[in-house]
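S.K.: Spelled out, the chains give:
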Amino acid sequence: MKKPFEEDELMENRLRSLPLKPVPDGLRERILGAARAERSSRAWTTPRLRAGLAGTAALLAAAVLFSALSDRSHTARLRALMDGHRTVQTETERAWALDAEDLGDSLGPAEFAHEKRMMAYRRTAIAPTAVRFEKKFNLEELNGQGISEDLN
Amino acid sequence: MNLQELYDRYGEKMYQYLALRLGSKADAEDVLQETFCRLARYAVQWALIGNPRAFVFKVLRNEFNRHLKRRITQVRLERAAFNEQENTPARSSALPADPEDAVLSKSVEGVLSGLPDEQKEVVILKVFQGFSFREIGGICRVSTATAASRYRYGMDKIRSRLEGKP
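Here the protein sequences come in this chain order: A and B. Be aware that the first sequence starts at 1, since it is given in my numbering, and climbs by one per residue. Be aware that the second sequence starts at 1, since it is given in my numbering, and climbs by one per residue.
Just chain A, with the same shape it has in the complex:
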């Protein structure tokens, strides 16, 4: 007596021996053509646009790189010219330089140094007081209304 799985195997072989529908001619080309058309229609960019985008991105990257390198070499050249000193002044340094020009050469080195310290102190300490004063008396608003200084 045959075992069930042997019977199944025989039956499977018998089924496999029956004729199947043949694959139609040209089906491969039709299917692949439709699939390719689907893929190209769904693509968010065309190949030409993709190439254009890649080219633009490369140009931008090259421009940024060139600019960075140029800045760096320019800074290095300036530093070499200034013998390692800084060329850029802060606002305070610039103000001090102008004040020093105003003072001229009339002061001696010790007096000039003292004067510079005083100027720096005034600049930092007096300014907030002036702001507070203006706020308290609302001077900005009054100035805007063009009130005469002659209150009498």
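Hints in this document: simulated from the structure, not taken from any laboratory. By construction, the Cβ of each residue, glycine as well, lies at the ideal position given by its N, Cα and C atoms. Incorrect hints may have been included.
[Said to hold, decoys possible] DSSO-like mimics (lysine-lysine), calculated; alpha carbons at most 30 Å apart, straight line: (1) A/K21 <-> B/K13; (2) B/K120 <-> B/K69; (3) B/K25 <-> B/K157; (4) B/K13 <-> B/K157; (5) B/K120 <-> B/K13; (6) B/K58 <-> A/K21; (7) A/K21 <-> B/K157; (8) B/K69 <-> A/K21; (9) B/K120 <-> B/K157; (10) B/K25 <-> B/K120; (11) B/K69 <-> B/K13; (12) B/K58 <-> B/K157; (13) B/K69 <-> B/K58; (14) B/K157 <-> B/K69; (15) B/K58 <-> B/K13; (16) A/K21 <-> B/K120; (17) B/K58 <-> B/K120; (18) B/K25 <-> A/K21.
[Claimed, not checked] The following residues of chain B were derived to be distant from chain A, with all beta-carbon distances above 10 Å: (19) Q4; (20) Q45; (21) Q74; (22) D117.
Fit chain B to the given chain A structure using the hints.
M.R.: Relative to chain A, chain B alone:
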């Protein structure tokens, strides 16, 4: 794996599966085309898929089910329109008869025609596609035991039909 490779590996097997399940050459071609379009649309990362053959058949089966749903809706609408126009009872089947049906009755389609659809599917996948019960379970979204029992019932029916038993 590109589309050509995919077709060369599985295309004909997929067509046979569809032809056996649908019984219509034109429908089988349409569903196969839809399946390849779907695979092309989503640009599948094949390297990440453990069993590409089972995956492809799962996609194919989903497309087959979509096709069936569309056909059923279409047939219902046609029937409704026909009944409204003619005011006559609905026909037993609105599906067009395939001219090859008479020839097919002596072939695999004829042998499988009396089986319930879920048994027919398992038999096709096992006998003609060579899938294991585990793979069939994955494709049909049922347990391995369910796939095996469907196969068993299906084969019993085929056997009794071929051997002329009641």
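S.K.: It remains to establish, for every hint, whether it holds in the given structure.
M.R.: Hints and how they fare:
1. A/K21 <-> B/K13: 11 Å, holds
2. B/K120 <-> B/K69: 18 Å, holds
3. B/K25 <-> B/K157: This hinted pair holds, its Cα atoms lying about 25 Å apart.
4. B/K13 <-> B/K157: Measuring from Cα to Cα gives roughly 24 Å; hence the hint holds.
5. B/K120 <-> B/K13: 16 Å, holds
6. B/K58 <-> A/K21: 22 Å, holds
7. A/K21 <-> B/K157: 22 Å, holds
8. B/K69 <-> A/K21: Answer holds: B/K69 to A/K21 is near 24 Å, not above 30 Å.
9. B/K120 <-> B/K157: Answer holds: B/K120 to B/K157 is near 10 Å, not above 30 Å.
10. B/K25 <-> B/K120: Holds: B/K25 and B/K120 sit about 18 Å apart, inside 30 Å.
11. B/K69 <-> B/K13: Holds, at about 23 Å.
12. B/K58 <-> B/K157: With Cα atoms ~26 Å apart, B/K58 and B/K157 stay inside 30 Å; holds.
13. B/K69 <-> B/K58: 17 Å, holds
14. B/K157 <-> B/K69: 27 Å, holds
15. B/K58 <-> B/K13: 13 Å, holds
16. A/K21 <-> B/K120: 17 Å, holds
17. B/K58 <-> B/K120: Holds: B/K58 and B/K120 sit about 16 Å apart, inside 30 Å.
18. B/K25 <-> A/K21: Distance of about 8 Å is within 30 Å: holds.
19. Q4: At about 6 Å from chain A, B/Q4 fails to clear the 10 Å cut-off, so the statement is violated.
20. Q45: Non-interface label on B/Q45 holds, nearest chain A Cβ at 15 Å vs cutoff 10 Å.
21. Q74: B/Q74 is indeed farther than 10 Å from all Cβ atoms of chain A, at 21 Å.
22. D117: For B/D117, whose nearest Cβ neighbour in chain A is about 17 Å away, the distance exceeds 10 Å, so it holds.
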